Amino acid sequence: MNNGDQIKEAKVNEIVDSIKKIFVDEKLDVLIGYEKGSLPLRGTPCFVESADDLDRVIFDFTCHNNIAKYLADEKKRPGDPRKVGIIAKGCDARAIAQLIVEDQYPREKVVIIGVPCTGVIDPAKLRVALSGKDLADYKIEGDNIILIGDDFKIELPRIELLQGGCLSCKYPNAPQYDYFIGEPAKPIAARDEFAIIEDLASKPADERWAYFENEYSACTRCYACRNACPLCYCEECFVDRSMPAWLGKGNELSDNIVYHIVRVLHLAGRCVDCGACAAACPLGIDVRIIGKRIEKEVLDRFGYVAGLDFETQPALAAFREDDKEEFIM
Amino acid sequence: MDTYKLNKTKLGDFLEQLAEKFAVYAPLEKGDITAFAELEHGQLPALDFLRTQKPPKDIFYPQTEVILRFGKDGTKSNEYTGKPIAVFGARPCDAKGFVIVERVFVDDKYKDNYWLARRDGGLVIALGCSEPLKSCFCNWVGGGPFETTGSDVLATDVGDAFILQPLTEAGKKALAEMNSIEKTVDKDIEKAEAIHAEALKSMPKPPTLDSLKTSLDSLFDDPFWDEFTAKCLGCAACTFSCPTCYCFDIQDESRRGEGVRIRIWDTCQFPLFTKEGSGHNPRKSQMSRLRQRFMHKFSYMFETQGEFGCVGCGRCVTACPVNIDVREFIRKTTENTEK
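Chains H and D, in that order, are what the protein sequence lines are.
Heads up: the first sequence begins at 1 in my numbering, then just goes up one per residue.
Heads up: the second sequence begins at 1001 in my numbering, then just goes up one per residue.
Okay, chain H solo, but in the shape it has when bound (with noise of 0.2 Å):
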């Protein structure tokens, strides 16, 4: 019942020699990548501790998860740090560098390994296009994707099946990396990435709240976005605050839009837009959009943008003597 098993791939595997070279190498305790998932077409996070179990280990536009997220995960680990090695797209690698400028992680013991990436598979993308039939097999033809099935064949522009940031990002590759396996990917660049933004923000009042009304009426309070987010890392978030509590725990509209609003601004300048949040949620709601308003702030103010060094203060984090004070004076 692995469907993984009926899907051909388009090219054998590169990476592995690669990464057991380096798992060696670098003395690995673990190695943080992606493994062929159950679903089609879907690559999902596997932990490799041993150089001789990594011939499992795949990367590809299947697999969409930001697994920086493990690397917060891993300080919650008793004992010292270990020394940890993740495969990185340029969002991971931008996440992997913001939890090393906020101290989440020794620097020396992370080998960030980067890949190349032409953009991933958003699954609630994939699943309506499938239908919820088998997948046997698919093919890429210049900018198309062919999807084939016992009793179908399904041609589509493959950006159509790719998660929303990825057709505006502008960071494909990582900007830090200890390693770097294959030549560095161009930039999608099918859209502005802030265009979604100011086309809601020229709509009225009135437009806007009903476009977050009907988006935000549905969260069901899961926190997938959070939990899949590499940067929430709190031991405790603010949800879970009583005395005082600051939001119901139901899934009423205004709780629902406090803690989305809420969760971004915690994330001001220090968001990489990767779109796991996105992505993770089961009920496919763009919780993507609010953070790209505060990024975009952040930028405009700051000229800030998360994750692309380790030396950078994040914006909220520091002072500076030309920083923009209008609110207040």
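Just so you know, the hints here were simulated from the structure itself, not pulled from any lab data.
The model shown is predicted, which means the values in this text are computed figures rather than measured ones.
Hints may be right or wrong, so weigh each one.
No farther apart than 30 Å at their CA atoms in a straight line, the calculated lysine-lysine pairs in the BS3-like style are these [claimed, not checked]:
hint, chain 1, residue 1, chain 2, residue 2
1, H, K21, H, K186
2, D, K1332, H, K76
3, D, K1201, D, K1332
4, H, K27, H, K75
5, D, K1187, D, K1213
6, D, K1005, D, K1187
7, D, K1008, H, K133
8, D, K1275, H, K133
9, H, K133, D, K1030
10, D, K1275, H, K76
11, H, K153, D, K1030
12, D, K1332, H, K203
13, D, K1205, H, K133
14, H, K153, D, K1201
15, D, K1005, H, K133
Using the hints provided, position chain D relative to the given structure of chain H.
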């Protein structure tokens, strides 16, 4: 019992008539999501949906329900007081889920008035699955694409019509009163039965789960749990998508001059679920929490209810952000015993 045929052109009339006595809930499309909601006058359901993301248990057991209102005028219990509820288009797995969840809310000793206020006098018209999804595995856990447990009427889509089979007195009574349906002929029944057989045949052969419970009980301390649960995010995507999950929390909130006590869905996947007043947490690791989910569904509920607490709907399989697959879990734990 007589079986009936409802031509699809008459579906609107059928639902209109149903709405005279019942509040009718059916699947409706909302963007890429399909969800059960109350049909408005003249509204037709979206029936070529595959599987709703949220299970229809929230019709009888809402995610957030005000159960008490209190203020300077006293305290008042807040049960549902609307029309009896008819669900049209639940899948057989969903209908079976109602039965499993109800065992928790209603037994010889305890009767949950909030559940009963919504469930009593209700009607479940299930729509069987002619084309089970690849992530469906109802036939592993004693179910099937045209399973009847929990339904008052089972509907089979035969192309231009639905064949309606009443299964309970309530179903029989409801259909006997409907104007927009006609009695079936043998040809109709044969067509429906062929579809039932084809649907079951299209599903992969299930593994034997006879010894799943005993395997799990013996594997409680096995190190395989660490590896299997390592990627779990600890969110509630699986539990909030599950037709048989029932755990809840009770919160008091102050709202605009009055107080409300609300019952909300809770999840064993959150650390707060078992955190005690002393600060001690018996399930401190995500491994212990995810293990709890599987043990509960496949061992403990088997013990207390006599069947698995899983209807094989496959929602958790597609909802899990990191592709933790309960089917893989079942295979892993039964493969040793199958040898």
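Problem - Pair hint D:K1005 and H:K133, alpha-carbon separation not exceeding 30 Å - result: Satisfied, since the Cα-Cα distance of roughly 29 Å is no more than 30 Å.
Problem - Restraint check for D:K1205 with H:K133, where alpha carbons must lie at most 30 Å apart - result: OK: D:K1205 and H:K133 at ~17 Å, within 30 Å.
Handout entry: 30 Å limit on alpha-carbon distance, applied to hinted pair D:K1008 and H:K133
Key = 25 Å, holds
Practice task
Mind checking the alpha carbons of D:K1201 and D:K1332 for me, to see if they're no more than 30 Å apart?
Solution key: Between D:K1201 and D:K1332 the Cα gap is close to 24 Å, so the pair holds against 30 Å.
Exercise for the section: Measure nothing beyond the straight line between the CA atoms of H:K133 and D:K1030; if it is 30 Å or shorter, mark the hint as holding. Expected result: Since the Cα atoms of H:K133 and D:K1030 sit roughly 22 Å apart, the hinted pair holds (cutoff 30 Å).
Practice task
Would you mind confirming whether the straight-line C-alpha gap from H:K27 to H:K75 stays at or under 30 Å?
Solution key: 19 Å, holds
Handout entry: Holds or violated: D:K1332 to H:K76, with C-alpha atoms at most 30 Å apart
Key = Roughly 28 Å separates the two Cα atoms, so the pair holds.
Problem - Pair hint D:K1005 and D:K1187, alpha-carbon separation not exceeding 30 Å - result: 11 Å, holds
Exercise for the section: Would you mind confirming whether the straight-line C-alpha gap from H:K153 to D:K1030 stays at or under 30 Å? Expected result: Between H:K153 and D:K1030 the Cα gap is close to 27 Å, so the pair holds against 30 Å.
Problem - Restraint check for D:K1187 with D:K1213, where alpha carbons must lie at most 30 Å apart - result: 43 Å, violated
Practice task
Please work out if D:K1275 and H:K133 have their alpha carbons no farther apart than 30 Å.
Solution key: 42 Å, violated
Problem - 30 Å limit on alpha-carbon distance, applied to hinted pair H:K21 and H:K186 - result: Distance ~27 Å between H:K21 and H:K186 Cα, so the pair holds.
Against the hints set out earlier in the document, violations occur for numbers 5, 8, 12.
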